[in-house]
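Peer 1: Chain by chain, the residues:
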Amino acid sequence: MIVVDHLAKRFSVAKKSEGRFALFRSIFAREYATIDAVADVSFTVAPGERVGFLGPNGAGKTTTLKMLAGLLVPTAGTVRVGEFRPEDRDHAFLREIALVLGQKQQLIWDLPPEETFVLQKALFDLDDRFYREALERLVTLLAIGDAMKRPTRQLSLGERMKCELCCALLHGPKYLFLDEPTVGLDVAMEEAVRSFVKQYNEETGATLLLTSHYMADVEALCPRIVVIDGGRVVWDGDREELVRRVRPVKTITLRFSQAVTRSSVEDLAAGHLCEPADGELREVTIEVPELEVKERLQLLLAALPVKDLVVADPPFERVLQDLLNAPGDRNGKEL
Amino acid sequence: MRTIRLLRALFVAGWKEALAYRTELFVWILATTMPLVMLVLWRAVTEEKTLIGADGVPFGGQKVVAYFLATFLIRQLCGSWAAWQINQEIKDGTLALRLLRPVHPFLPWATEQLAYVPLRGAVALAGAGTALAVYARAELTTHVAVLTALPVSIFLAFICTFSLNLIFGSLAFWTNQSTKIMDAYNAIFFVFSGYLIPVTLFPRRLAEALDYLPFRYQLGVPVELLVSGYDGKTAWLLVAKQAVFAVFLLAGAFAAFHRGLRRFEAVGG
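In the order they appear, the protein sequences are chains A and B.
When you line the first sequence up against our numbering, it's residues 6 to 340, in that order.
When you line the second sequence up against our numbering, it's residues 448 to 716, in that order.
In isolation and in its complexed conformation, chain B is listed as follows (with noise of 0.2 Å):
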């Protein structure tokens, strides 16, 4: 009961907040429209030459358009930048003032990422999600099976990002440069996660070795569960994978915070 209490009070303070950055929110939504760049790009590829998938299924017409404005609206969902919180805060101290406080700072930091989602997930649902059941309804997914997994998978997918935001962002007990290093970790992740290139269209080895690396976990098995066609038990041993990575990815986060935290100097008066 206390959870609950403690989860509304912190989720309704985020919420709250969202709403005063309502402004700032509309900005972070235009800089992450990659995806809708991809989409003019990869229709005019496709439309020069027909490319098939690793499944064997072509990639080109509606699906072009399904898939990336599924990724414009995942990423919106499942997006955080908790490293730039954190590396912020350990900077300036004001860590020290969440540390006072007898809670884990992950979970005010989490529901202040999660808090901002159905502001976020509102505006994309409101462009892609219409453009989504306009020009690509029937290449999203029917399948019951696939359906109830999704909404798991786009959480597991906010676990990953915000654990290795916390990762990221604890490095900042050691260095001044971590917002840098998630600056470059994300570069890759652009590449490797589905943003930019869908995973099926990698040349078989490189998407295989993908299945063991965070990236696709992060954003891609979401966004393919809505638009790939897969039937109930690929997408549960999808989730089932990515919930590996999520425990996994969450205990390095622990670790990585508790041993930074015996380096904390809580500078400043």
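For reference, chain A alone in the conformation it holds in the complex (with noise of 0.2 Å):
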């Protein structure tokens, strides 16, 4: 069980003088802002949760994953990561924790990760038939059976994270801790490493709490997600529920035999159509009340010379930029 109570964290930051002697002055009295990173964060997360941690950048995820790993020592409030105080820096604490940086690098860079893979065993003391074990079952998993021989610095950017992921787990952590993993991978490589995230989650217990700036990432992996925004949580609860909150609507896109005139589409949307375009149209979006969609779709079938459809719900990106443009109290708790 994670339980993180009020936590803060303010960091210091030098403030840039302006003014023809301002660097001289610098030297001696030195001005310094105070920033709230995390401003008044409280949440919780059971055993085995898989939740999204969400906001926009500069909002303080990466400062709260931080301070759950141990890595900052909050301000004020509190965290606790199952019996353990992160800031402690147990090593117990630190044997069931894994934090993922997808733009940060444990490998050895000039060694082949598998060296990287043997210096993990003792560094976590792993007994033989355990680092046997783990290791077969994650290189099969994220199939890097070639990759973890070659020079780090000679793989690709997708093959570094998978190995980067091999090497975070191979000590079975309880609590996953991921920060952007998919950050710069291609699209196949995105797939493959929140598949295999999933199936960790679902064959070992682990908890896992997720930053994102990919919304398939979330929706993939995230039943539960928490917003935070400017410090705070602005969201905590389901992903799904968000969606009928914040934008209750579904997404209907038709594509069409031949092409119609905006105009014909545009009495049928009621309005709803998204993205105008001019002339005549092959394809449409529609945004459409949930309670409604039955009744647009049969007017739309029988008007138009429909080929193709897909109703939707609306993209995650569009409903988390609602939810953080909307005023007043958002706390899913609440709302």
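Please keep in mind that the hints were generated in silico from the structure rather than gathered at the bench.
Everything numeric in this text was worked out from a predicted model, so none of it was measured.
A virtual CB, placed ideally from N, CA and C, is assigned to each residue, including glycine.
To spell it out: a stretch of chain A is covered by chain B in this simulated footprint if at least three of its residues, at any positions, have a beta carbon under 8 Å from a beta carbon of chain B; those stretches are:
hint, stretch
1, 68 to 78
2, 92 to 100
3, 108 to 122
4, 128 to 135
A few chain B residues that face chain A, going by a derived Cβ cut-off under 7 Å, partial list only:
hint, residue
5, R449
6, R452
7, L453
8, A456
9, A460
10, K463
11, A467
12, A543
13, L544
14, L546
15, L547
16, R548
17, P549
18, V550
19, R709
Both chains are sitting in their own frames, so use the hints and assemble them into the complex.
Peer 2: Put into structure tokens, the structure is as follows:
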């Protein structure tokens, strides 16, 4: 169980002074500004749960993850991960967690990843059998049999990321903190990493907390999301519930067998036409209130030469944008 | 048992990395050849005028050769660049990844530095060691007690240097200029450690004052044990003083690092 209670982290940042003698003055009297990276964050995560941790740039997501991993000491509030207080950095605690930072690597640059794996075995004091089995399972799941024998510097970004994941999970952590694990990967590799993470969670029951700018990661992995903005929680709840409350619509994408005029679609879409375009159309997307989907579809199908159609939830990015732009108390539990 | 396995794994990884960076290693060795320059310089000086050391023994001829070859050799065995490494890791946030491991980061840093010693030592021994044996064998100690103290002293010299590197490296938690401070310290170290000028040639008062400063214990003491003809008692007394400094400096390094760690911002992704 992860329990975060009124967590806050304040950083002191040197201010750049203006003026002719600013540089000289700053030597003797440097001015600092304080920034509340995390202002007041509270949530709990049950064992085995997969939670997406979202928010705009600078919202405090990574700072919170780093406090959960014991890398940063909170300015106020408390964190408990299992029976541990992360900031104590107890070795038993470090054996139970893994933090994967998508833009940082722990693999030794000039050696093949398998050398880092062997080192990891010694660092975490893994017995031979546990290590062999864990490595075999991870290598199979991630398909890195060849990559682990080539120097890290010669690996593609995707191969490196998969080897990083393998390295981070060798010791069988119970708590997995992933910060942008798919950053820079191509679509196929993103999918491979997502399915691996999901399988790992299902097989081991590890608790997963994920931050990502790719909503596809969150949609694929996390039934529950916590959204923070300005260092505070603005939503904590079910992902689908968030969509229902913030943007309770469905998107209908229609493809036509022959081009239709914009005006003919516009009348039927009743003002919900997305991405309006001029001239003749071969494809349109319409946003329709959930309760009107059936009725609207019947009208569209009857009046237009529809070849193909897709009904889906609105893009999650848009839902999140609506949430962040909405005024007032947006907490999922109280909305 | 776990500690041995861990040290072995850390050392092996460091050794393989040292092999991967062997070109940089040779460049580093070339950058530490100042004692060989000093050898030529001091030879020229002592040919003009006989210098008498604080111990009353003349410093000239073969002794100059022995002293500076030993200085070059021992510097390869107890040098450290941890301050630059720590400074970089704090600034770019990669220290975070070390902190996620259930091992104190000092241990991997130490073994990474020590893993380079065999390669550096082998290169230095092949050159300076051979020259010492050929040109200045008579100046090398043969006293068993001193020879026993020598490896201990070299190890303690490494601990002193490494600890100071940890302290200066840890300053990066507070300032962006920690490596500049280390550079400034090293400038003083080169003068007072015996690296450029043998401590025995300093004015007596200054030489006595150096007993209470760390510089000599980082390099001068093991060099002196090898070439200064000390008896066993003197050698072990110096090693004992070195041990006190090593403990003091290592404790200082722990204090500086852990105090700084509370300010760590783990910057970047």
